[in-house]
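> For reference, the chains in residue letters:
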Amino acid sequence: MKPVKKVELVVDAHEVPHLLEQLKRIGVNDYTVISEAHGRGDRGSRAGDVFSGVFDNSYVMIACTETQARQIVETVRPILKRLGGICLVSDAMWVLH
Amino acid sequence: MKPVKKVELVVDAHEVPHLLEQLKRIGVNDYTVISEAHGRGDRGSRAGDVFSGVFDNSYVMIACTETQARQIVETVRPILKRLGGICLVSDAMWVLH
Amino acid sequence: MKPVKKVELVVDAHEVPHLLEQLKRIGVNDYTVISEAHGRGDRGSRAGDVFSGVFDNSYVMIACTETQARQIVETVRPILKRLGGICLVSDAMWVLH
Amino acid sequence: MDLSLVQNLIDPAILFFFFGLFAAGIRSNLDIPAPIAKFFSLYLLVAIGFKGGVALAASGLTVTAVAAIGAAMLMALLVPAYSFLILRGRTNPYDAAAIAATYGSISAVTFIAAQQFLTRNGVDFGGHMTVAMVLMESPAIIMAVLLASLVRKREQAQLSPSVGAAAVANSTSSKGISLKEVLHEAFTDGAHLLLIGSLVIGYITGDAGKEVMAPFTAEIFKGILAFFLLEMGLLVARQLRESRDLGPFLMGFALVMPMVNASVAIALAWVLGLAAGDTLLLACLAASGSYIVVPAICRYAIPEARPGVYFSMSLAFTFPFNIVIGIPLYYSVIALIWGN
Amino acid sequence: MDLSLVQNLIDPAILFFFFGLFAAGIRSNLDIPAPIAKFFSLYLLVAIGFKGGVALAASGLTVTAVAAIGAAMLMALLVPAYSFLILRGRTNPYDAAAIAATYGSISAVTFIAAQQFLTRNGVDFGGHMTVAMVLMESPAIIMAVLLASLVRKREQAQLSPSVGAAAVANSTSSKGISLKEVLHEAFTDGAHLLLIGSLVIGYITGDAGKEVMAPFTAEIFKGILAFFLLEMGLLVARQLRESRDLGPFLMGFALVMPMVNASVAIALAWVLGLAAGDTLLLACLAASGSYIVVPAICRYAIPEARPGVYFSMSLAFTFPFNIVIGIPLYYSVIALIWGN
Amino acid sequence: MDLSLVQNLIDPAILFFFFGLFAAGIRSNLDIPAPIAKFFSLYLLVAIGFKGGVALAASGLTVTAVAAIGAAMLMALLVPAYSFLILRGRTNPYDAAAIAATYGSISAVTFIAAQQFLTRNGVDFGGHMTVAMVLMESPAIIMAVLLASLVRKREQAQLSPSVGAAAVANSTSSKGISLKEVLHEAFTDGAHLLLIGSLVIGYITGDAGKEVMAPFTAEIFKGILAFFLLEMGLLVARQLRESRDLGPFLMGFALVMPMVNASVAIALAWVLGLAAGDTLLLACLAASGSYIVVPAICRYAIPEARPGVYFSMSLAFTFPFNIVIGIPLYYSVIALIWGN
Ligand SMILES: Nc1ncnc2c1ncn2[C@@H]1O[C@H](COP(=O)(O)O)[C@@H](O)[C@H]1O
Ligand SMILES: Nc1ncnc2c1ncn2[C@@H]1O[C@H](COP(=O)(O)O)[C@@H](O)[C@H]1O
Ligand SMILES: Nc1ncnc2c1ncn2[C@@H]1O[C@H](COP(=O)(O)O)[C@@H](O)[C@H]1O
Ligand code: NA
Ligand code: NA
Ligand code: NA
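Residue numbers (our numbering), protein chains in the order written: chain A, 465 to 561; chain B, 465 to 561; chain C, 465 to 561; chain D, 448 to 787; chain E, 448 to 787; chain F, 448 to 787.
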């Protein structure tokens, strides 16, 4: 097992492809996305428009090194600023296989 | 980045609206819910009744201050006692934006 | 509240029933599964074949003791080796109810 | 009529049910996506409710109709009452109350299968039987909640005969749910409400409504029922695996009670002079157990009961029994008595 | 014709809409699974687009058709323009721009309900009105984006009159989205594109295509519309609860503006000599507000606006108003003037 | 007959496929919800299997039927064999085995499109071809698994010529999956099983079953196929983007091999004296590659192979090639030879 950082994001579902592209550019290729994460934050309730899905959030999880985590944070901050969402960073142990 | 507590709950999907209302009363307005979280715990397997969805769990995540976390725990404990479910609290860093 | 380990797995959705059976054998009966977790890792992008769902991942979360966590890690390692996926272990506080 | 059992099984929808059982039995990964299965369940309720409403608008509420509805409501009170008495000593009392509610209530899909059986055999039945079905849901649930609160009080009294009232009050605040809340929950339950709504809309729009809705609610009905029964077959087989710890008594109850309840219903129908078609539907309502509405409410109203128990009994045992054996069996008895 | 309001309400699909309102009103847990609701919304677009395309292939693009389409596009420019002027002083200017786009654009389900109304009353309408609907989406969005960037520049100028150009450039990089990007987003939006695609496919395949597709796109249409309106009823009632903080002005706007826009459209149609059926459709296009395409684009093009505001106005107020009162009301005015 | 290529493209379902390609090409956010797409895929299997079963019950198992089925099974063995020989030196051997299985197996939607083509052109075909389709799945998979285990043993032997047996045993425990397990996996695969089940149910219920199921399985078929092909278009275009690293050899293989396989099938059909309709279906079965069942099994049976490779080849290249060009092309050759 090796220590890693776990970065968790909740962002606008429509923003995810764009965000993943940005992450690719800084060399972060691996991630997991759970598509439907409803919620409430500064921008009010995010649910209820089943047709366009405009208010859907997605949950993105990335296990990475501390350096990468810092880069990710810098990359996502402007996106969060513009379109809302949250980003949490915590510690975990990665099981090598 | 500022240190926060991450509260994670797995509860009966039907209980979520009620739970969120309770949280609102103690001033916790922001949260993320992932609706379909099947599982197994003390009350046996939670899956398999697709029609009423009675056995569905939801996963709720709340990033908050330590004080709020303590309040949340007090609020959800009786609900968990009555209808089952789990609650985990851990540390994380919140990315300010 | 008591300290526990939180084990998080992202694995091939088809492997989950098999994995849960293995865990049962080592006495781990409680878990939560979120079924649809798309992602990208060493085996490339995991999405896009809606019909067979072959490329779907699932997210599995288990709160357990440190000893159990170690056992889980030993159990899942060969599965991850053969079919890919990730496993993270972190600390959390379990709310007793 | 001898052949009705086999004939019943040759229906495509019933065959898809068997196929589902088979597929889950050999552990296939076959799966209807959950939102589709849930939608089909709503679809069947809309179709059956709408059809019943239209039929009712055409026939009006005759005396026989009222008699049939009354018989159904009586069954909804009788079945939970005697079921509870039978179960009481042999299983934990909360489970007993929940099982009583399960069998007092009904399975809409069993009702639909019985209608299909009648249609296939050219036997008439009335739109008022759909009203009867709707009205059977609540009495059973009320009975069960009353029984459960009785059990709760008795237990409380035994545990702390000295502390008394205070303990009861305390328990009420944590466990006891008011009957009013439960009734609200029962009435507003999605499945139940949709059935009522569709019945009312069918009644209001009558034949004009029927004509525009028929391609959706009637013509493709059989195909959707086939898919739904395929899913039911998968669910039943998977639930059977989870229910190994039910024990022989509860398994026996789940297989014998439907026949008892159907017999009582047939006797009652005979006394009231109902027609053969309506009698089969009444028998199937009495014989079937709920696996949608009742679990949804008991989870909340009797949280002490183990959902795995009553859900498994009604889904994994009673449902397939009625679909495969019960319906033709009850009808052959009815045909014999009614002299058809 | 007097009865048209009540007759309109006796349609099964409309009754399911009321039932949805009722069910959500009493806080039932009734719910159409989201993927089903989303699919039905796509289905309706395909069915309506395809039908319009087939009709257009049959009739060709006549002079009246071109006039009707021109009128529609004019409305799509006029409505956001005067809406913005009305809203400007009374609400924050970004919200004003987004609301203007919402009302300049259209609701396909309102359009469908109007078509159903006409069919029920035996009134003809042309396939070109579907083209009109398609073409109304973009102008409204363009107007709104232009208005928003105007607001943005003015605000920038006020905040930092000395810093000037640099600040504007900077703000552009963070907030300003190029009109080109927005147009791409608007054109490639799934709902919009599917409508266009189905229209074109209907046009190409004509009557031969119609025949093979009819059981799916026409016969079961009413049933799916009923389910969809049930879901809309649930959504409207739930959104109403979220929209208590709208304030009387915006609520009034959402209820009065449809009538104003419909009146302007009817006047325009009168001048151009359109037929009664086409006029009702034009009025409904003008009167309805978007709750699918526009929110999807404004979220991105005017992120400063509060989606809750424009979404609630168009979904929770304007949509039910048009479905229940608007359509028969506009038609009774048209019938009066057209002397039907 | 000259026009058959263009005529083929004017079918609404095919046009929706093109529209899907276009929409994904311009990066629209258009999306069919995944549970719906999955259900439609199950629906098509049920409809096609049921129809085949009913047809088979009507015609019985004639000599020509047996010949056609035999030819199909022969193709399912031949295609993976010669495909593997062609691929071996040029790509990694595990990928070669998986690609061989992919092309030995079949695409049900290509088969459906070929049936639609025949129906549109008034050419008959037999229900036994559905049996042929069902029976082509397994041989291809068995071949591939045998090839892969051959590769595995050879590699093992090369790596550790001295350690020998022990290493092989060890590798077997970690990677080698028993043929029995794979066969179980192949037979119980949901898509495969549903096709067999529907075929059997169609066969048992015959014309009576056909009549009650027709509105669902036959009348709305075209519409659902259109939606499904729309989704396929979206998927194909998106998969094309992921498959830039396939390399010219594999891309060429995915486009040329279908024609080779179809030619072999046509020659075989000619020798056996099959009818033109059955020949086209056989050619399409031979020419198409699996993107549902085979990936589901290879993921597990040949985990060393890269799913992205064989999945992309069959979905992004071979599928659209057959749908757009292959079917009319093969048929024009058949018409020429059969002298139609
Ligand atoms: N404190 C929080 N805890 C958990 N989730 C949050 C929190 N704040 C925001 N979110 C999630 O992030 C989404 C966007 O947040 P916002 O941009 O603040 O509206 C919300 O819809 C929630 O799903
Ligand atoms: N130790 C655990 N780890 C992860 N999830 C759990 C655990 N225990 C319970 N759960 C989840 O919480 C739900 C309710 O638990 P219970 O009330 O114990 O049946 C279960 O269905 C699981 O989804
Ligand atoms: N570093 C990572 N962070 C988050 N998720 C990951 C990471 N690596 C792999 N995954 C997830 O695990 C799945 C399987 O990984 P792999 O076996 O490496 O292809 C991927 O599809 C992702 O969903
Ligand atoms: Na009953
Ligand atoms: Na408008
Ligand atoms: Na093939």
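Keep in mind that a hint or two might mislead.
[As the list claims (entries may be wrong)] Okay, derived cross-link-like pairs now, PhoX-like style, lysine-lysine, Cα gap no bigger than 25 angstroms in a straight line:
1. K470/C <-> K488/C
2. K657/E <-> K657/F
3. K545/A <-> K545/B
4. K466/A <-> K488/A
5. K600/F <-> K627/F
6. K657/D <-> K627/E
7. K545/A <-> K669/E
8. K488/B <-> K470/A
9. K488/C <-> K545/C
10. K627/F <-> K545/C
11. K470/A <-> K488/A
12. K545/A <-> K627/E
13. K669/D <-> K627/E
14. K545/B <-> K470/A
15. K669/D <-> K657/F
16. K657/E <-> K627/E
17. K545/C <-> K600/F
18. K545/A <-> K470/C
19. K600/D <-> K545/B
20. K545/C <-> K466/C
21. K669/D <-> K627/D
22. K657/E <-> K669/E
23. K488/C <-> K488/A
24. K466/B <-> K488/B
25. K488/A <-> K466/C
26. K470/B <-> K545/A
27. K488/B <-> K470/B
28. K545/B <-> K470/C
29. K545/B <-> K488/B
30. K466/B <-> K545/C
31. K545/B <-> K466/B
[Claimed, not checked] Rough simulated footprint, nothing fancy, chain D against chain E, three-plus residues with beta-carbon under 8 angstroms:
32. 466-477
33. 584-593
34. 669-682
Hint data in this document are derived by calculation from the structure and do not stem from the laboratory.
We put the CB at the ideal spot given by N, CA and C, even for glycine.
> Indicate, hint by hint, whether the structure satisfies it.
Hint-by-hint comparison with the structure:
A distance of roughly 17 angstroms separates the Cα atoms of K470/C and K488/C; the hinted pair therefore holds under the 25 angstroms criterion. At most 25 angstroms may separate the alpha-carbon atoms for a hinted pair to count; K657/E and K657/F meet this at roughly 24 angstroms. A hinted pair counts as satisfied when its Cα atoms are at most 25 angstroms apart, and K545/A with K545/B does not qualify at roughly 39 angstroms. About 23 angstroms separates the Cα atoms of K466/A and K488/A, which keeps this hinted pair within 25 angstroms; it holds.
The hinted pair formed by K600/F and K627/F meets the criterion: a straight-line CA distance of about 18 angstroms does not exceed 25 angstroms. Restraint check: the Cα-Cα separation between K657/D and K627/E comes to about 49 angstroms, which exceeds 25 angstroms; the hinted pair is violated. For the proposed pair K545/A and K669/E, the alpha carbon gap of about 45 angstroms is over 25 angstroms, so the pair is violated. Annotation: proposed proximity of K488/B to K470/A is violated, straight-line Cα distance about 28 angstroms (limit 25 angstroms).
This hinted pair checks out: K488/C and K545/C have alpha carbons roughly 20 angstroms apart, not beyond 25 angstroms. Proposed proximity of K627/F and K545/C is supported: the alpha carbons are some 23 angstroms apart, at most 25 angstroms. Proposed proximity of K470/A and K488/A is supported: the alpha carbons are some 17 angstroms apart, at most 25 angstroms. Between K545/A and K627/E, the direct Cα distance comes to roughly 23 angstroms. Compliance with the 25 angstroms bound is thereby established for this hinted pair.
Our distance criterion of 25 angstroms between C-alpha atoms is broken by K669/D and K627/E, whose separation comes to about 50 angstroms. This hinted pair does not check out: K545/B and K470/A have alpha carbons roughly 31 angstroms apart, beyond 25 angstroms. Restraint check for K669/D and K657/F: the C-alpha separation of about 11 angstroms stays at or below 25 angstroms, so the hint holds. As the CA atoms of K657/E and K627/E are separated by approximately 36 angstroms, the hinted pair breaks the 25 angstroms bound.
Only pairs whose Cα atoms come within 25 angstroms are accepted, and K545/C paired with K600/F is accepted, the gap being roughly 20 angstroms. Between K545/A and K470/C the CA atoms are separated by roughly 31 angstroms; this puts the pair beyond 25 angstroms, and the hint is violated. Taking the CA atoms of K600/D and K545/B, the gap is about 20 angstroms. The hint holds against a cut of 25 angstroms. Between K545/C and K466/C, the direct Cα distance comes to roughly 32 angstroms. Violation of the 25 angstroms bound is thereby established for this hinted pair.
Proximity of K669/D to K627/D is assessed by CA-CA distance (about 39 angstroms); at most 25 angstroms being required, the pair is judged violated. For the suggested pair K657/E and K669/E, the alpha carbons sit about 17 angstroms apart, so the restraint of at most 25 angstroms is met. With a CA separation close to 38 angstroms, the supplied pair K488/C and K488/A exceeds the 25 angstroms bound. At roughly 23 angstroms between alpha-carbon atoms, K466/B and K488/B fall within 25 angstroms of each other, so this suggested pair holds.
Straight-line distance between C-alpha atoms of K488/A and K466/C comes to about 39 angstroms, which puts the hinted pair past the 25 angstroms bound. Under the criterion of a C-alpha separation no larger than 25 angstroms, the hint pairing K470/B with K545/A is consistent with the structure, at around 21 angstroms. Between the alpha carbons of K488/B and K470/B the distance comes to roughly 17 angstroms, so the proposed pair stays at or under 25 angstroms and holds. With a C-alpha separation of about 21 angstroms, the suggested pairing of K545/B with K470/C holds against the 25 angstroms cut-off.
Taking the CA atoms of K545/B and K488/B, the gap is near 20 angstroms; set against the 25 angstroms cutoff, the hint holds. This hinted pair does not check out: K466/B and K545/C have alpha carbons roughly 37 angstroms apart, beyond 25 angstroms. As the CA atoms of K545/B and K466/B are separated by approximately 32 angstroms, the hinted pair breaks the 25 angstroms bound. A count of 8 residues in the region 466-477 of chain E with a Cβ less than 8 angstroms from any Cβ of chain D is obtained; the coverage claim is therefore met, three being the minimum.
Coverage of the region 584-593 of chain E by chain D is violated. Counting CB-CB distances below 8 angstroms, 0 residues qualify, and the rule asks for three or more. Counting residues of the region 669-682 of chain E whose C-beta lies closer than 8 angstroms to any C-beta of chain D gives 5; at least three are required, and the coverage claim holds.
In the structure shown, a violation is registered for the earlier hints numbered 3, 6, 7, 8, 13, 14, 16, 18, 20, 21, 23, 25, 30, 31 and 33, in ascending order.
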